[in-house]
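K.L.:
Chains as they are written, first to last, in my numbering: chain Y, 1 to 493; chain D, 1001 to 1479.
Hints are computed from structural coordinates only; laboratory data are not their basis.
Hints should not be assumed to be uniformly reliable.
[Stated by the list, open to error] Computed list of lysine-lysine pairs in DSS-like fashion (alpha-carbon distance at most 25 angstroms, straight line):
(1) Y:Lys-22 to D:Lys-1369
(2) D:Lys-1443 to Y:Lys-165
(3) Y:Lys-111 to D:Lys-1165
(4) Y:Lys-25 to Y:Lys-107
(5) Y:Lys-165 to Y:Lys-22
(6) D:Lys-1443 to Y:Lys-22
(7) D:Lys-1434 to Y:Lys-107
(8) D:Lys-1369 to Y:Lys-111
(9) D:Lys-1428 to Y:Lys-111
(10) Y:Lys-107 to D:Lys-1010
(11) Y:Lys-111 to D:Lys-1434
(12) D:Lys-1434 to Y:Lys-165
[As the list claims (entries may be wrong)] Pair ranges (Cβ atoms, derived):
(13) Y:Ser-54 to D:Leu-1365: 50 to 58 angstroms
(14) Y:Pro-388 to D:Leu-1407: 50 to 58 angstroms
(15) Y:Leu-201 to D:Asp-1445: 52 to 60 angstroms
(16) Y:Tyr-161 to D:Leu-1365: 16 to 24 angstroms
(17) Y:Gly-157 to D:Ser-1437: 38 to 46 angstroms
(18) D:Ala-1465 to Y:Thr-58: 31 to 39 angstroms
(19) Y:Asp-359 to D:Leu-1365: 56 to 64 angstroms
(20) D:Lys-1354 to Y:Tyr-161: 54 to 62 angstroms
(21) Y:Leu-201 to D:Gln-1271: 30 to 38 angstroms
(22) Y:Thr-357 to D:Ile-1440: 37 to 45 angstroms
(23) Y:Ala-413 to D:Ala-1266: 57 to 65 angstroms
(24) D:Gln-1295 to Y:Tyr-161: 18 to 26 angstroms
(25) D:Thr-1052 to Y:Leu-67: 55 to 63 angstroms
[Stated by the list, open to error] Pulled from the structure, derived: some chain Y residues nowhere near chain D, Cβ distances all over 10 angstroms:
(26) Thr-167
(27) Glu-448
(28) Cys-462
What you are looking at is a predicted structure, and each value in this text was computed from that prediction instead of being measured.
All C-beta atoms in this analysis are idealised placements derived from N, C-alpha and C, irrespective of residue type, glycine included.
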Amino acid sequence: MNILFLFVMIPLLMLAGLWLSKREKAVKAVMVAGSSALLALSVALAVMYLGERSAGNTAEMLFRSDLSWYAPLHIAFSTGVDGISVAMLLLSSVIVFTGTFASWQMKLQTKEYFLWFTLLSMGVFGFFISIDLFTMFMFYEIALIPMYLLIGVWGSGRKEYSAMKLTLMLMGGSAFLLVGILGIYFGSGATTMNVLEIAKLHNIPFSQQLIWFPLTFVGFGVLGALFPFHTWSPDGHASAPTAVSMLHAGVLMKLGGYGCFRVAIFLMPEAAQELGWIFLILTSVSVVYGAFSAIVQTDLKYINAYSSVSHCGLVLFAVLMMTRTAFTGAILQMLSHGLITALFFALIGMIYGRTHTRDIRELGGLMKVMPFLAVCYVIAGLANLGLPGFSGFVAEMTIFVGSFLHTDTFHRALVIIATTSIVITAVYILRLVGKILYGNHVNEHHLELTDATWDERFAVICLVLCIAGLGMAPWWINDMISESMLPVLQFLK
Amino acid sequence: MDYSQFLYMKEELSLVAVIAIILVADFFMSPDAHKKGGKPRLNTFMPILVLTIHTVINLFPGQAGDAFGGMYHYVPMHTIIKSILSIGTLIIFLMAHEWMAREDTAHKQGEFYVLTLSTLLGMYFMISAGHFLMFFIGLETASIPMAALVAFDKYRHNSAEAGAKYILSSLFSSGLLLYGISLIYGTTGTLYFDDIPAGINGNALQIMAFAFFFVGMGFKISLVPFHLWTADVYQGAPTMVTSYLSVVSKSSAAFVLMAVLIKVFAPIIAQWQEVLFWITIASITIANLFAIRQQNLKRFMAFSAISQAGYIMLGVIGGSPEGMTALVYYVLVYLVATLGVFAVIAIIEQKTGKVNMDDYNGLYLTNPKLSVLMTLALFSLAGIPPFAGFFSKFFIFMAAFREGFHLLVFIALVNTVISLYYYLLIVKAMFINKSESPVIAFKSDVYSRIGMLICLAGILLIGIASIFYEVIDQFSFGI
């Protein structure tokens, strides 16, 4: 059996285990066992992948297998990974693992919560191992629907509104996407939905590309918070429970960037170059607008959600720049933003669990009350604004350098506009840190609050280590993904 | 006369036998004679048993061929669609147990089974017709007992009213259909499906014939703008009859429409594709918009069924073999999902008399299993993976896309988002909303549970296991 199938099998087993477990302890045992197994599996996969590569295997995708599914329609369950997917699988498993611990205090309907949570992660893992348009789309949608109940039942604030908005907007995106996928399939004349085969044929007529590229790009872009389709993101993230925000901002939004890269640009490079400028403008707006919006928010989660819009916009921005360095930066940014934003949401969830407010006007002086959480919050903030030594710096630096390689005015102007987001990010992060962590306490009751428990500390430390690791030693991940850019770059002039 | 040609119609023969057995058995085993503790056990078990036997022995397709000089035309695909209809009827029989055991219906249990199976027999003949006369007789056999079924709870005002509405609109549509058929006869001089295409040249009378025929079928399938009877009848009819109408009756009519269009009207394909294009858009969109505002779940399901009929038309429009496969597959998936929803609606109505969406608030806390079934069935109807509905929607879109209907597919897809909204409203009621007086926790009877399990298994497995699609694909045909 192919090792990649385990990424779907383990969540399936977890679902079965959760279904059968009666008590809360059993539920948690299943979750810990399952998410640790996934983490171990993705680390093992990374090691095996690097081993194969150093042994001289130069295939586009490794660990390939094709399981014929709907033979009359040429649909197969094709799996395979390259460096980018391995990196994304690593990210996903880290977030699922830490998300499990961040949900440790979940009291309401624990079993159902983790059932949907696991289904969501199954969709994510399935998406990253698939290289077949049909299964990619299927797993993409599997990952979307659990969000509705996760936010609607276990969320906070205007949860029903947010859940419905998020679900409908993302499903609307996937409607665009499905048309795009069918257009790609029939336009290419391929007898398989395998992405690699379609790319190899490389014969989607240019006139058709001009229709299917925008549809596909917008379809994935909605999930990547592309302006003006980003409005689900702040509401959704603000209302979702902690671990769901982590998974959603950390991993699910990366499905958008990954899909744009792997499907839209890989399969329709000519249209991407022709129409890229429209989306470049939109992503630049995302980057700057998201950052500005974050300044004026007063809810901690909204601040971080808008910051996510800004940083995920940077991913799409880099993808559209279509140079090798920019692509590398995009992947690094996906990893970096995934980890940082997950850490942020985890910390916000922990703070909210104690203070029962996320309004920054009602918070203050938390450094004295909960030093561990506060210090980690500072770390997350600094990583987010791109302090050297953390992953954010590496990613953003690579993106801007890669983008500036274009010599024309249009691209360079956009890069300059996008760079301003660094400064704006610094404004809201530093202001936020100063306001809620330092200064005097605002609320008397907050003085009696406790610091993080063991499960919370564990989740947070895992994430901090990953962020610092990526920031200080980016070369190993760089080596892993750099070769995987080549298939996409070969058609780009 | 060659009696071996009767073998082509073994499905009909076996169904006639089933009806005869039930009729006779009902005669001798009326609940009064066999009452044990007030529960007429034998009378539920027996029809289910014989219908199961009928379904199982007719599961495998035979050889294609004609009987009675071409009046009756059999191809293996007919077995597939007939089996799907039988399974649907079987599930409905299982779930009707509780309703049938009720005091006011127990004494006419036999009638329910016989009437239902008679309509099924009519559909069988309609599906395998090779001549418009046979087709029309089948259609009427399917319609008239249906009206009696709709008015089955005749002491209830709603039910009687719905029966009257159904029979009137059904007769009207039959009249139109008949007029269309007569125009066909007038311009081509024959009613044999095989011979008509040679005489079709697309003149104005024939276009009119097609229009009348299509309007007549549109009534049966309840496509917009011929859907106005649907919501009232669905609401008024007993829930089991509603589910029969929305699943079995509609599916057979949709299949027959496709079969006639690609066979008889093949020469004027450009014209009927144009008509179907607009009708499909209207059905999906208008029904979706109406469904959003419904509070009564049976009315809600009526509009949902109209929009689903629009999706089914996506399989018809290309007239291709892929379209037919997608259509039959869609019908199968639609059947299990819709019956799953109706099972829950029926059982809650049976136990508490509640059918409004607000009554479902907080259902998950009291009846988790019913809520889960309902949720999965609704997800399947909305086309969410990994449930069967995703696959059927994907394939039917693919079939229409293959034939070049890109815009149509896009509009249909945008509509799936709207449909997701109103399906989610029910999910929201069950899982998220709180209720002061929730539906009490109860245990359903064994027959209903078997029915629901079949639906659940269908929802979960039909998509994942590709065998269903592949079997259907072997037998499909097109222009």
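K.L.:
Decide, hint by hint, whether the structure agrees.
P.N.:
Here is how each hint holds up against the structure:
1. Y:Lys-22 to D:Lys-1369: Holds. Y:Lys-22 to D:Lys-1369 sits at ~15 angstroms (cutoff 25 angstroms).
2. D:Lys-1443 to Y:Lys-165: Roughly 36 angstroms between the alpha carbons, so the hint for D:Lys-1443 and Y:Lys-165 is violated.
3. Y:Lys-111 to D:Lys-1165: violated, 48 angstroms
4. Y:Lys-25 to Y:Lys-107: holds, 12 angstroms
5. Y:Lys-165 to Y:Lys-22: violated, 33 angstroms
6. D:Lys-1443 to Y:Lys-22: Measuring from Cα to Cα gives roughly 20 angstroms; hence the hint holds.
7. D:Lys-1434 to Y:Lys-107: Given that 25 angstroms is the threshold and the Cα spacing comes to 18 angstroms, the pair holds.
8. D:Lys-1369 to Y:Lys-111: Given pair D:Lys-1369, Y:Lys-111 holds - Cα atoms ~14 angstroms apart, limit 25 angstroms.
9. D:Lys-1428 to Y:Lys-111: holds, 18 angstroms
10. Y:Lys-107 to D:Lys-1010: At roughly 60 angstroms apart (the allowed maximum being 25 angstroms), D:Lys-1010 and Y:Lys-107 break the hint.
11. Y:Lys-111 to D:Lys-1434: holds, 19 angstroms
12. D:Lys-1434 to Y:Lys-165: Judged against 25 angstroms, a Cα distance of about 21 angstroms means the pair holds.
13. Y:Ser-54 to D:Leu-1365: 50 to 58 angstroms: holds, 56 angstroms
14. Y:Pro-388 to D:Leu-1407: 50 to 58 angstroms: holds, 52 angstroms
15. Y:Leu-201 to D:Asp-1445: 52 to 60 angstroms: holds, 57 angstroms
16. Y:Tyr-161 to D:Leu-1365: 16 to 24 angstroms: Holds - the Cβ-Cβ distance for Y:Tyr-161 and D:Leu-1365, about 22 angstroms, lies within 16 to 24 angstroms.
17. Y:Gly-157 to D:Ser-1437: 38 to 46 angstroms: violated, 27 angstroms
18. D:Ala-1465 to Y:Thr-58: 31 to 39 angstroms: holds, 37 angstroms
19. Y:Asp-359 to D:Leu-1365: 56 to 64 angstroms: 31 angstroms Cβ-Cβ, so the 56 to 64 angstroms window is violated.
20. D:Lys-1354 to Y:Tyr-161: 54 to 62 angstroms: violated, 26 angstroms
21. Y:Leu-201 to D:Gln-1271: 30 to 38 angstroms: holds, 36 angstroms
22. Y:Thr-357 to D:Ile-1440: 37 to 45 angstroms: Given range 37 to 45 angstroms: holds, Cβ gap about 38 angstroms.
23. Y:Ala-413 to D:Ala-1266: 57 to 65 angstroms: holds, 59 angstroms
24. D:Gln-1295 to Y:Tyr-161: 18 to 26 angstroms: Between D:Gln-1295 and Y:Tyr-161, where Cβ atoms are some 20 angstroms apart, the hint holds.
25. D:Thr-1052 to Y:Leu-67: 55 to 63 angstroms: About 34 angstroms separates the Cβ atoms of D:Thr-1052 and Y:Leu-67, which means 55 to 63 angstroms is violated.
26. Thr-167: Answer for Y:Thr-167: violated, closest chain D Cβ roughly 7 angstroms.
27. Glu-448: Since the minimum Cβ distance to chain D is about 31 angstroms, Y:Glu-448 lies beyond 10 angstroms and the statement holds.
28. Cys-462: For Y:Cys-462, whose nearest Cβ neighbour in chain D is about 30 angstroms away, the distance exceeds 10 angstroms, so it holds.
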